[in-house]
Structure formats: C-alpha cells, structure tokens
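Enquirer: Here's the letter readout for the chains.
Protein chains: 2
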Amino acid sequence: MSFSKRMDRVKASGIRAVQKRIASKPEVISFAAGLPDPNLYPLDDYKAALDSLMAERARPAFSYGLTKGYGPLLDLLVRRMREKEGVECTKDNLCILSGSQQGLGLAALMFVDEGDVIITENPSYLGAINACRPYGPEFVGVDTDDDGMVIEDVERVLRENPRAKMIYVIPNFQNPTGKAWTLERRKRFMEVVSQYDVMVLEDNPYGEIRFKGEHLPCLKTLDRKDQVIYLGSFSKIMAPGLRVAWVCAAPEVAAMTERMKETLDLQSPEFTQHFVVSYLEKFDIEPHIAKIQATYKARSDLMLEMIRRHFPASVKYTEPEGGMFLWLELPGGLDADALLDEALEAGVAYIPGESFYANNGPKNTIRMNFTTVSEEQIVKGMEILGNVLKRHIQ
Amino acid sequence: MSFSKRMDRVKASGIRAVQKRIASKPEVISFAAGLPDPNLYPLDDYKAALDSLMAERARPAFSYGLTKGYGPLLDLLVRRMREKEGVECTKDNLCILSGSQQGLGLAALMFVDEGDVIITENPSYLGAINACRPYGPEFVGVDTDDDGMVIEDVERVLRENPRAKMIYVIPNFQNPTGKAWTLERRKRFMEVVSQYDVMVLEDNPYGEIRFKGEHLPCLKTLDRKDQVIYLGSFSKIMAPGLRVAWVCAAPEVAAMTERMKETLDLQSPEFTQHFVVSYLEKFDIEPHIAKIQATYKARSDLMLEMIRRHFPASVKYTEPEGGMFLWLELPGGLDADALLDEALEAGVAYIPGESFYANNGPKNTIRMNFTTVSEEQIVKGMEILGNVLKRHIQ
Numbered sequence: 001m002s003f004s005k006r007m008d009r010v011k012a013s014g015i016r017a018v019q020k021r022i023a024s025k026p027e028v029i030s031f032a033a034g035l036p037d038p039n040l041y042p043l044d045d046y047k048a049a050l051d052s053l054m055a056e057r058a059r060p061a062f063s064y065g066l067t068k069g070y071g072p073l074l075d076l077l078v079r080r081m082r083e084k085e086g087v088e089c090t091k092d093n094l095c096i097l098s099g100s101q102q103g104l105g106l107a108a109l110m111f112v113d114e115g116d117v118i119i120t121e122n123p124s125y126l127g128a129i130n131a132c133r134p135y136g137p138e139f140v141g142v143d144t145d146d147d148g149m150v151i152e153d154v155e156r157v158l159r160e161n162p163r164a165k166m167i168y169v170i171p172n173f174q175n176p177t178g179k180a181w182t183l184e185r186r187k188r189f190m191e192v193v194s195q196y197d198v199m200v201l202e203d204n205p206y207g208e209i210r211f212k213g214e215h216l217p218c219l220k221t222l223d224r225k226d227q228v229i230y231l232g233s234f235s236k237i238m239a240p241g242l243r244v245a246w247v248c249a250a251p252e253v254a255a256m257t258e259r260m261k262e263t264l265d266l267q268s269p270e271f272t273q274h275f276v277v278s279y280l281e282k283f284d285i286e287p288h289i290a291k292i293q294a295t296y297k298a299r300s301d302l303m304l305e306m307i308r309r310h311f312p313a314s315v316k317y318t319e320p321e322g323g324m325f326l327w328l329e330l331p332g333g334l335d336a337d338a339l340l341d342e343a344l345e346a347g348v349a350y351i352p353g354e355s356f357y358a359n360n361g362p363k364n365t366i367r368m369n370f371t372t373v374s375e376e377q378i379v380k381g382m383e384i385l386g387n388v389l390k391r392h393i394q
Numbered sequence: 001m002s003f004s005k006r007m008d009r010v011k012a013s014g015i016r017a018v019q020k021r022i023a024s025k026p027e028v029i030s031f032a033a034g035l036p037d038p039n040l041y042p043l044d045d046y047k048a049a050l051d052s053l054m055a056e057r058a059r060p061a062f063s064y065g066l067t068k069g070y071g072p073l074l075d076l077l078v079r080r081m082r083e084k085e086g087v088e089c090t091k092d093n094l095c096i097l098s099g100s101q102q103g104l105g106l107a108a109l110m111f112v113d114e115g116d117v118i119i120t121e122n123p124s125y126l127g128a129i130n131a132c133r134p135y136g137p138e139f140v141g142v143d144t145d146d147d148g149m150v151i152e153d154v155e156r157v158l159r160e161n162p163r164a165k166m167i168y169v170i171p172n173f174q175n176p177t178g179k180a181w182t183l184e185r186r187k188r189f190m191e192v193v194s195q196y197d198v199m200v201l202e203d204n205p206y207g208e209i210r211f212k213g214e215h216l217p218c219l220k221t222l223d224r225k226d227q228v229i230y231l232g233s234f235s236k237i238m239a240p241g242l243r244v245a246w247v248c249a250a251p252e253v254a255a256m257t258e259r260m261k262e263t264l265d266l267q268s269p270e271f272t273q274h275f276v277v278s279y280l281e282k283f284d285i286e287p288h289i290a291k292i293q294a295t296y297k298a299r300s301d302l303m304l305e306m307i308r309r310h311f312p313a314s315v316k317y318t319e320p321e322g323g324m325f326l327w328l329e330l331p332g333g334l335d336a337d338a339l340l341d342e343a344l345e346a347g348v349a350y351i352p353g354e355s356f357y358a359n360n361g362p363k364n365t366i367r368m369n370f371t372t373v374s375e376e377q378i379v380k381g382m383e384i385l386g387n388v389l390k391r392h393i394q
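So the protein lines, in turn, are chains A and B. Under this note's numbering, the first sequence has 285 at position 285, and the numbering climbs by one with no breaks. Under this note's numbering, the second sequence has 214 at position 214, and the numbering climbs by one with no breaks.
Hints in this document: simulated from the structure, not taken from any laboratory. It is possible that part of the hints are untrue.
DSS-like cross-link-like pairs, simulated, lysine-lysine; straight-line CA separation at most 27 Å [as the list claims (entries may be wrong)]:
#	chain 1	residue 1	chain 2	residue 2
1	A	Lys390	A	Lys91
2	B	Lys282	B	Lys316
3	A	Lys20	A	Lys390
4	A	Lys20	A	Lys363
5	A	Lys47	B	Lys187
6	B	Lys5	A	Lys225
7	A	Lys91	B	Lys20
8	B	Lys316	B	Lys297
9	A	Lys25	B	Lys363
10	B	Lys25	A	Lys11
11	A	Lys20	B	Lys91
12	B	Lys363	B	Lys84
13	B	Lys11	A	Lys11
14	A	Lys91	B	Lys11
15	A	Lys47	B	Lys47
16	A	Lys47	A	Lys212
17	B	Lys84	B	Lys297
18	B	Lys5	B	Lys47
19	A	Lys5	B	Lys20
20	A	Lys91	B	Lys25
21	A	Lys225	A	Lys91
22	B	Lys47	B	Lys282
23	A	Lys84	A	Lys225
24	A	Lys212	A	Lys187
25	B	Lys47	A	Lys5
26	A	Lys316	A	Lys225
27	B	Lys363	A	Lys282
28	B	Lys25	B	Lys5
29	B	Lys282	A	Lys5
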C-alpha cells in the first residue's frame with residue numbers, strides 16, 4: 001500500500017499536537033478555542049425553523065439536490081451579497097460550500113500546480129496552507145502592519161515571483177491575529193494585484209462580527225477584474241455544525257467549483273441548506289448578530305483590560321475590532337510553546353503562534369480566543385497567564 | 001486566470017448533458033433518476049428524532065466536532081459493521097464522510113498519481129471515475145458476467161499493469177447494471193488481488209437494499225491483508241439529503257482520510273450526524289429497510305414483467321436482486337442516446353449507458369431506475385418505451 005506522492009508533502013499539524021496537550025487538561029481555562037460561543041445559539045428560533053422545515057419542505061430537505069446548492073438559498077445569498085457587501089452578483093457567481101474550508105480545498109485543487117507560489121499573510125490560517133500543501137506550491141509570507149498587508153512587500157513578492165498564483169487573505173479580524181485591514185489598504189492592495197495575473201482568495205468568515213468601527217467593503221467589492229474568489233460562511237453567525245458556506249467568484253470559477261465539488265461530495269446536505277433558509281425566512285438574523293457582536297465586544301474589551309492590568313508592559317497585543325481572536329507578541333527570546341506547559345500547569349491554555357506560519361515562524365507569539373470564555377473566566381485566566389509571563393519577563 | 005493543469009483532464013459529463021435534455025421535458029415518466037423514493041422517508045419518526053435532538057443535544061449538534069466524526073455515531077458503526085457485515089473493526093478504522101462520494105474524492109487525492117492504473121468494472125459509477133480524473137490515471141475496464149467481475153481478466157490486467165493502484169468495485173447491485181457478485185466470485189476476487197500490491201475501493205451504498213436471495217459478505221469481510229477501503233452510507237436507507245456516510249479501512253488509511261478530510265471540509269456537519277444517532281437510538285431502522293426492500297422489489301418485478309410483455313425479445317436485461325437499477329442491452333447497431341429524443345417525445349426518459357464507461361463504451365445500453373416511479377407509471381412508461389424500441393427492432 002502506498003499513498004500518492006502528494007501525501008509526502010503533508011505535514012503533521014503543529015496545532016493538533018498542541019490541542020492534544022491541552023485536551024489532556026480539560027479543567028483549565030482555555031483561550032485556545034476557535035469556536036463561536038454555543039450559548040449564543042438562538043435555540044428556540046432554530047427549533048421553530050426546524051418545525052417549519054418539517055411541516056413545509058421535509059421531503060426535498062431529505063433528498064438529493066443540485067451540486068450548486070439549494071435555489072432559495074442561492075437567491076438569498078445574491079441579495080445578501082448586495083445588501084451586506086455591495087457586491088452585485090447572480091447565481092452564476094455562486095456555489096454553496098460545506099464550510100469555507102471547502103472553498104480552500106477546492107481552490108487548491110483547481111488552481112495550484114507544483115512550484116506555484118501562494119502568498120499568504122504572515123501569520124495566516126493554517127487550514128488554507130494545509131489545503132494547498134499536497135499540490136506542492138511554495139509559500140511566501142507577507143507581513144501585515146496595523147493597516148493590513150504591507151503593500152510594498154506584496155508588490156515586491158509579485159514582481160519577484162512570476163509563478164505567483166494566488167494570494168490568500170483574511171482582511172477582516174484575521175485568524176490568528178484579529179487584525180482588520182483599513183479601507184485605504186484594501187484599495188491599494190486591489191490596485192496592485194490588478195496589475196498581475198494572480199487570484200485573490202478572500203476568506204471572510206468573521207466579517208459580520210465587527211464590534212467596533214465601521215463596516216468596510218470586502219476586496220470582492222473593489223474587484224474590477226474578477227480576480228477575487230470570495231468565501232462567506234454561516235458558521236460564525238448561525239452555527240458551525242451546519243457547515244453552510246458559499247463562494248462568490250467569476251462565473252467560470254464558480255462553474256469549475258461546482259464541477260469539482262461534485263467529485264468531492266456531490267453536494268452539501270440539502271437538510272442544512274433548507275434549515276438555513278427556513279431560519280432566515282422566519283426570523284430576522286440581524287438582532288442575533290448584534291447580540292453576538294455585543295457579547296464578543298465585552299469579552300474582548302475585558303481581555304484587553306486584563307492584559308493592561310496583569311501583563312508585563314513589554315508584551316505587545318492587537319486590539320481587535322471584531323472576530324474571535326487577539327494576538328500577543330512576547331519579548332524576543334521567549335518560546336510560547338515551551339511556556340504552554342507552565343501555563344497549563346497554572347490553569348490556562350492558549351495556542352502558540354508559531355503554528356500559523358507557512359514557513360518557519362517566530363516562537364514568541366500567542367493566539368488568544370475570547371469568544372468561548374465567560375467574563376469570570378477571562379478575569380481569572382488572564383491574571384493566571386499574567387503571572388506566568390511575569391516569571392519570565394522583567 | 002489559469003486553472004491548474006489537473007483541470008485540463010476534467011471532461012464534460014455526458015450524464016449531465018443527458019439530464020439537461022430530460023429536464024426540459026418534466027412531464028415525461030422518468031426512469032432516469034438515481035434517487036431513493038422520497039415517499040418512503042419515515043417523516044414522523046424523523047420529526048421525533050429531531051425533537052429529541054433539540055431537547056437533548058442541541059448545542060453540540062450546532063457546534064464544531066471532530067474531523068473523524070461524532071463519537072456515538074462511530075460507536076454505532078463499529079457495532080453495525082460487525083452485526084450487518086461481519087467486519088470486526090474499531091474507531092481507528094473509521095472516518096465519517098459527507099456521502100460516499102467523499103470517500104471516492106479522498107481516495108483519489110490520497111492514492112492516485114499520474115500514470116497510475118485504476119481498474120473499474122465495465123461499466124461503472126461515473127462519480128468514481130470523475131473523482132480520479134484530475135490526477136491523471138489511466139482507466140482499465142474489466143467486464144462483468146452474471147457472477148461478477150471476470151476473474152481471468154482481473155488477473156490479466158493486474159499482471160500486465162505493474163502500476164495498477166486501485167480497483168474500484170460495487171459488488172452489490174451495481175450502479176448502473178444492478179448486478180451483484182456471487183459469493184464464489186467475491187472469494188476468488190480477493191484471492192487474486194491479495195497477490196498484488198493494489199487497493200480495493202469497495203463502494204456499498206446499496207448493500208442493505210437486497211430484496212431477493214441471501215445477504216452475501218462484503219469484500220471487506222474477506223479482506224485478509226487490509227487492502228479493502230470500504231464505503232458505507234445512510235443515503236439509501238435513511239436519506240441522501242443528510243450526506244452521512246463512512247469509510248472502514250486500515251488504520252493508516254483511516255488516519256490519512258481524516259487528515260485530508262480536514263483540509264477539504266474540516267468535518268461533516270455535526271447536526272446531520274447527531275440526527276442519524278438520534279434516529280437510530282430512538283427507532284428500529286430494520287422495519288423501515290424492510291419496507292424499502294419490499295417496495296423496490298415490487299417495482300423491479302413489475303418492470304421485468306413489462307419488459308417481457310412489451311419489449312422485443314432481442315433486448316437483453318439484468319434481473320436485479322436489490323438496489324435501484326436494471327440494465328438493458330439493445331441489439332448491436334442501435335444508439336440509445338439517439339433513441340432518447342424519440343423516447344422523450346413519446347413520454348419516457350432513461351439514461352443511455354455509454355456515459356458509464358471510463359473509456360469508450362458501447363452505444364446500445366440503457367440504465368433504468370425503478371425506485372422513484374409508481375407502479376402505474378411503470379406499467380404505462382414501459383409500454384411506451386416498448387413501442388419506441390419496436391419501431392427500431394424487428
């Protein structure tokens with residue numbers, strides 16, 4: 001038995017090893033999660049949506065449907081893309097996905113040849129990097145400053161890499177750093193990439209969870225040459241257990257997505273797609289999203305307050321305007337992975353940031369999640385973590 | 001914008017073009033479907049299972065879970081594989097899939113290098129062939145007789161093709177022919193393949209829909225060298241709109257499946273997995289399966305009776321012992337695809353068999369589905385089709 005050569009390129013996931021270490025200490029306060037808060041699901045509304053699904057469309061919901069997705073859901077997304085993002089599209093631009101991760105897996109399959117160059121923010125979401133790895137690209141990371149990807153570096157990397165195939169970005173409240181790009185930076189980025197034959201994979205799972213500042217247009221809105229493959233998702237605003245997401249892209253990309261998705265899983269479940277439609281038809285999701293925003297804002301603010309109160313002043317941190325994460329940078333020389341054992345022993349967990357780099361990353365960074373911890377846990381856990389850090393930082 | 005070289009190998013699907021022609025005539029009696037009968041879904045039981053899910057496990061059902069699958073569902077499959085198939089396995093052998101199609105897509109990604117040889121039954125399920133195509137294998141078809149894959153041909157093809165990587169088979173009530181392999185043939189097949197370093201991809205979506213004869217062991221049961229990757233599914237016994245299926249294979253294959261699935265969609269929806277568990281815990285599925293079997297048997301028997309009554313004697317046909325399809329072979333020289341327009345005009349639809357061959361197939365075959373048509377439609381539609389055929393066959 002021998003796997004394909006592709007499988008030689010698959011690496012053991014660093015995060016997975018970390019998660020196992022953390023899972024062995026279930027009693028700790030965990031800032032290591034990457035999940036929405038399950039306590040915010042509007043279960044009564046979901047129950048009503050299910051009841052109405054069973055009463056009105058049970059047989060089609062349990063049957064096969066089209067690979068592209070359930071028609072009324074696609075209609076609804078055409079409207080949502082216009083109203084929420086200012087993107088004018090039709091069903092020809094769309095395909096339903098089983099989570100945005102499927103959009104990453106499909107983009108890798110459809111676009112990446114061996115030796116192609118994939119440009120990512122540095123650090124970035126590991127799931128995108130791992131989806132590309134089997135096909136043998138090179139990864140080039142570009143640093144971000146407080147405004148977004150550093151444009152001069154984007155230009156240089158594009159100029160130096162004629163095989164640059166795709167730029168993977170999360171402009172809103174990035175996983176892992178929580179950073180959001182400014183409007184100016186978005187515009188400049190699109191100006192630069194429009195001069196190259198390169199695709200932009202825009203992953204926007206957190207876009208609707210902005211809890212500070214103004215909504216900014218997504219890159220797809222600024223996309224004049226149909227270079228942007230936009231991924232949206234219901235995972236963070238409804239529930240990740242549904243795995244309902246979508247791609248919005250040039251018609252030929254959407255059509256190829258549909259064709260390749262057919263080979264990967266035929267289609268996303270009709271049942272979960274019908275459920276989303278049933279819920280969105282019956283209820284206004286906006287007050288629910290507002291509640292998520294308010295809750296996460298309170299936790300993020302509290303976490304920042306605790307950082308200021310308990311952490312050594314030399315620890316740098318991002319101040320997210322949305323999403324689920326913030327990012328710590330410890331003084332150089334410290335190893336967040338080595339510190340994790342001490343933190344677990346003291347009663348808190350986090351994800352060392354090194355795992356979020358395609359190539360070698362610095363050892364002194366940490367991803368902190370604030371969505372699945374209570375305010376009480378934040379107060380208690382951040383003090384513990386502060387004490388751990390103080391032992392190593394003067 | 002340029003797709004990967006892999007995409008050059010993707011062919012337009014013949015079946016899709018046929019389906020479009022058929023869809024333009026929605027009023028015809030269609031034997032072209034490939035679906036379970038939605039009227040057989042036990043909707044009251046499903047409703048009760050959903051209610052109990054919402055009452056007892058709503059929050060985890062809407063949340064993220066493990067890529068490998070929901071623990072209680074895996075436990076239940078360990079028991080089911082033992083009780084129904086006589087396969088002793090543990091969770092280490094299993095991974096939940098989003099439909100068996102995902103098992104095909106993953107096997108292609110994990111095993112197929114350019115120039116590898118994939119052996120299929122001739123004809124076979126197109127979805128498996130299409131899943132492999134992007135990776136550039138050669139396909140070699142092996143004919144089946146009434147007992148299963150012709151063993152001498154399997155031996156010869158394995159001998160002649162040192163790069164034979166995988167044999168894809170559907171030993172129970174194959175799509176498209178409806179044929180099932182005899183026990184003797186299954187044993188002989190496994191004896192032969194055990195002498196080669198080749199994987200067997202056993203697709204068994206129809207195994208539980210046997211309505212004549214005795215249950216026969218699957219190839220996985222006869223697998224002494226862990227060569228068989230077994231795919232099972234709830235699509236035909238519960239509902240395809242759930243997309244809940246599973247792979248049972250050697251631990252290293254199951255582990256790599258999990259790892260690659262993580263890059264493709266993170267995990268199958270927790271919600272649908274919880275639903276399957278909720279239903280199977282609350283209800284005995286066996287009477288429901290018995291009802292499906294009885295219904296399909298009646299329709300298959302009636303279709304066979306109408307073939308004998310209305311079709312020219314020179315039309316050959318399979319007599320399925322289960323599943324959803326039977327297969328017609330018209331006299332040589334007739335073109336089932338060309339005849340389809342005439343059949344649609346007369347009021348009936350079917351799928352020409354040519355599309356089910358990896359390489360060039362004969363033009364004189366037809367796949368007939370008997371699961372989504374009523375007895376009345378079978379009586380009427382088969383007479384119409386008989387009349388169309390009589391115009392061309394003396």
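Enquirer: Among all the numbered hints in the text so far, which are the ones the structure does not match?
Expert: Those not satisfied are hints 1, 2, 5, 9, 10, 12, 13, 16, 18, 19, 25, 26, 27, 28, 29.
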